[in-house]
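Asks: As you go down the protein sequences, you meet chains A and B in turn.
Per our numbering, the first sequence starts with residue 54, numbered consecutively.
Per our numbering, the second sequence starts with residue 149, numbered consecutively.
Do not rely on the hints blindly, as some may be mistaken.
[What the hints assert, rightly or not] SDA-like cross-link-like pairs, simulated, lysine to any residue; straight-line CA separation at most 20 Å:
(1) LYS199/A <-> LYS319/B
(2) LYS319/B <-> GLU258/B
(3) LYS199/A <-> GLU258/B
(4) LYS199/A <-> PRO189/B
[As the list claims (entries may be wrong)] Here are the computed distance ranges between Cβ atoms for each label pair:
(5) GLN269/B <-> GLY96/A: 25 to 31 Å
(6) THR147/A <-> GLU154/B: 55 to 61 Å
(7) ALA286/A <-> ASN214/B: 45 to 51 Å
(8) PRO139/A <-> ASN214/B: 44 to 50 Å
(9) ALA298/B <-> PRO148/A: 41 to 47 Å
(10) LEU145/A <-> LEU304/B: 29 to 35 Å
(11) ALA132/A <-> ASN214/B: 47 to 53 Å
(12) ARG188/A <-> SER190/B: 53 to 59 Å
(13) SER190/B <-> ARG129/A: 57 to 63 Å
(14) LEU190/A <-> LEU304/B: 30 to 36 Å
(15) LEU162/A <-> GLY268/B: 15 to 21 Å
Bear in mind the hints are in silico, worked out from the structure with no lab data behind them.
In this text, a Cβ means the ideal position worked out from N, Cα and C, and glycines have one as well.
Each chain is listed here by its residues.
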Amino acid sequence: MTRLVSLCLFIALWQVGALLLGPRYLPEPMAVAATLLAEARNGALAFNLGVTLARVLAGFALAMVIGSALGIALGRLTALDRLVDPWLVIVLNTPALVVIMFAYIWGGLNESSALAAITLNKLPNAVVTLREGARALDPALDEMAKVFAFSRLRRWRHVVAPQLAPFFAAAARSGLALVWKIVLVVELLGRPNGVGFKMNEAFQLFDLRLLLAYALPFVALMILVESFVLRPAERSASWWRRHGA
Amino acid sequence: MALEIEIARKAFRLADRGERIVFDRFSLSVAEGSIVALLGPSGCGKSSLLRIIAGLDSDFSGVVTNRPRRIGMAFQEPRLLPWRNVADNLRLAAPGLTDEALAALLAAFELEGRGGDYPGQLSLGLARRAALARAFAVEPELMLLDEPFASLDRALHLRLRALLAQRIGAKKITALIATHDLDDALLLADEIIFLEPAPARIRGRLPIPAPRGSRDENLTKLRASAAIYQVNDAPGNGNSEGAT
Chain A
54 MTRLVSLCLF IALWQVGALL LGPRYLPEPM AVAATLLAEA RNGALAFNLG VTLARVLAGF
114 ALAMVIGSAL GIALGRLTAL DRLVDPWLVI VLNTPALVVI MFAYIWGGLN ESSALAAITL
174 NKLPNAVVTL REGARALDPA LDEMAKVFAF SRLRRWRHVV APQLAPFFAA AARSGLALVW
234 KIVLVVELLG RPNGVGFKMN EAFQLFDLRL LLAYALPFVA LMILVESFVL RPAERSASWW
294 RRHGA
Chain B
149 MALEIEIARK AFRLADRGER IVFDRFSLSV AEGSIVALLG PSGCGKSSLL RIIAGLDSDF
209 SGVVTNRPRR IGMAFQEPRL LPWRNVADNL RLAAPGLTDE ALAALLAAFE LEGRGGDYPG
269 QLSLGLARRA ALARAFAVEP ELMLLDEPFA SLDRALHLRL RALLAQRIGA KKITALIATH
329 DLDDALLLAD EIIFLEPAPA RIRGRLPIPA PRGSRDENLT KLRASAAIYQ VNDAPGNGNS
389 EGAT
């Protein structure tokens, strides 16, 4: 209920701001809604939103899979960790923009370069989080599994995976927020479609209505994913903690 | 075949670059089917010995021969998987466990109706019982119990000990029980091995031929028979606790 009031207040403030500043600086909510509706009618909104979402999901999935595997390996193999850690720090501190530019220059302005740039930007974050998870694995439970001769599969599924799940969920949540921001920059710099591309177009034309007409649905979509997919997933990752104790 | 443990040397590295020698030319033979209590003060190497026998610690020079394949172990802490319920914890350790066998085990350790509970919902005493049930669930050829009653209150300690005495006598298994409580050793074991503080040495071995069922009433006499090994000279010697 408070959230709804808060949202209404936000739109009211926007309306007041628009009246004060004028349409050159801040278009009215209704005007943005009209543009949004028009874009939705001619199919451009759905198409660009879909393209961007596909890139977000592909990059996110790739980074999570590769990053988790690498992170778990680094958490368990100290020698490898010592070797790779400096590289990780370098990639972690390289601006996303630099990675994107290099990807486009080396790989050309195509979809795979875009995907590589998205994945590379998210990768170190997943690696670092899962590495922490692998380091935090309880040696006491590992010994238990060894004494009772757990098979490799059983050990992974029932001993290791439940301990890594909260770290995986945390990496996923922080990862999505990171990835969708990077995807927009990737599209702005070198793709002929997607929300980032449309925003660039709006910027060239100083068309604030178009800019907001794409920004708002996209933000809404990400909030929906965050609150209806990722947050429940994170909560269920440590469901067993709520059993007593 | 008797379980043979030969440890030429086992030392722990200390933080200040020194090392603490736990075993120096230590050997022990445990006959098949016998229940042996390792009795000694805390820190004398009982846990280290069990871990070496279990195959969890290979950082020592020496050899363990005739280690059976199926081992059941109860650690000092219950070490149950907190994200699996009690029944699943037992099933995961013993994949062949039938539903009837599971129910019988839970009943034997007074855990009826607790199969669906998660370890977080159990008191320490219940969790200990679940861990013991798990060790029995694998139908082990070798049972290793590391201070199975540590940090339980007195009443629960006695109760669980009686339960274990009953259970351990019913099956023919080789068992090693580490404890610092003389009464635990007297009531559970076929033979007590008295250990000296690190580096561990066997001070003496005391066979207890009396049947387990009749030991409770003869406890005072049994205590007296163990008295020659109970030298309470070392400060902080945990042995006195059990004898008084």
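Asks: So, for every hint listed, does it hold in this structure?
Replies: Against the structure, the hints come out as follows:
Between LYS199/A and LYS319/B, the direct Cα distance comes to roughly 24 Å. Violation of the 20 Å bound is thereby established for this hinted pair. Simply put, LYS319/B and GLU258/B have alpha-carbon atoms about 18 Å apart, close enough for the 20 Å limit, and the pair holds. Restraint check for LYS199/A and GLU258/B: the C-alpha separation of about 27 Å exceeds 20 Å, so the hint is violated. For the proposed pair LYS199/A and PRO189/B, the alpha carbon gap of about 27 Å is over 20 Å, so the pair is violated.
Evaluation of the 25 to 31 Å hint for GLN269/B and GLY96/A yields a failure: the beta carbon distance comes to about 54 Å. Checked against the hint of 55 to 61 Å, the C-beta distance between THR147/A and GLU154/B comes to roughly 56 Å, which is consistent with it. Range check, ALA286/A to ASN214/B: about 49 Å between beta-carbon atoms, so the 45 to 51 Å window is met. For the pair PRO139/A and ASN214/B, the beta carbons lie near 49 Å from each other, so the given range of 44 to 50 Å is met.
Hint check: ALA298/B to PRO148/A, Cβ distance near 55 Å, so the stated range 41 to 47 Å is violated. Evaluation of the 29 to 35 Å hint for LEU145/A and LEU304/B yields a failure: the beta carbon distance comes to about 51 Å. In this structure, ALA132/A and ASN214/B break the distance hint of 47 to 53 Å, their C-beta atoms being roughly 35 Å apart. Between ARG188/A and SER190/B the beta carbons are some 30 Å apart, a value that contradicts the proposed interval 53 to 59 Å.
Look at SER190/B against ARG129/A: about 32 Å separates their beta carbons, and that is not inside 57 to 63 Å. Checked against the hint of 30 to 36 Å, the C-beta distance between LEU190/A and LEU304/B comes to roughly 31 Å, which is consistent with it. As the Cβ distance of LEU162/A to GLY268/B is approximately 54 Å, the hint placing it in 15 to 21 Å is violated.
Taken one by one, the earlier hints fail for this structure at numbers 1, 3, 4, 5, 9, 10, 11, 12, 13 and 15, listed in ascending order.
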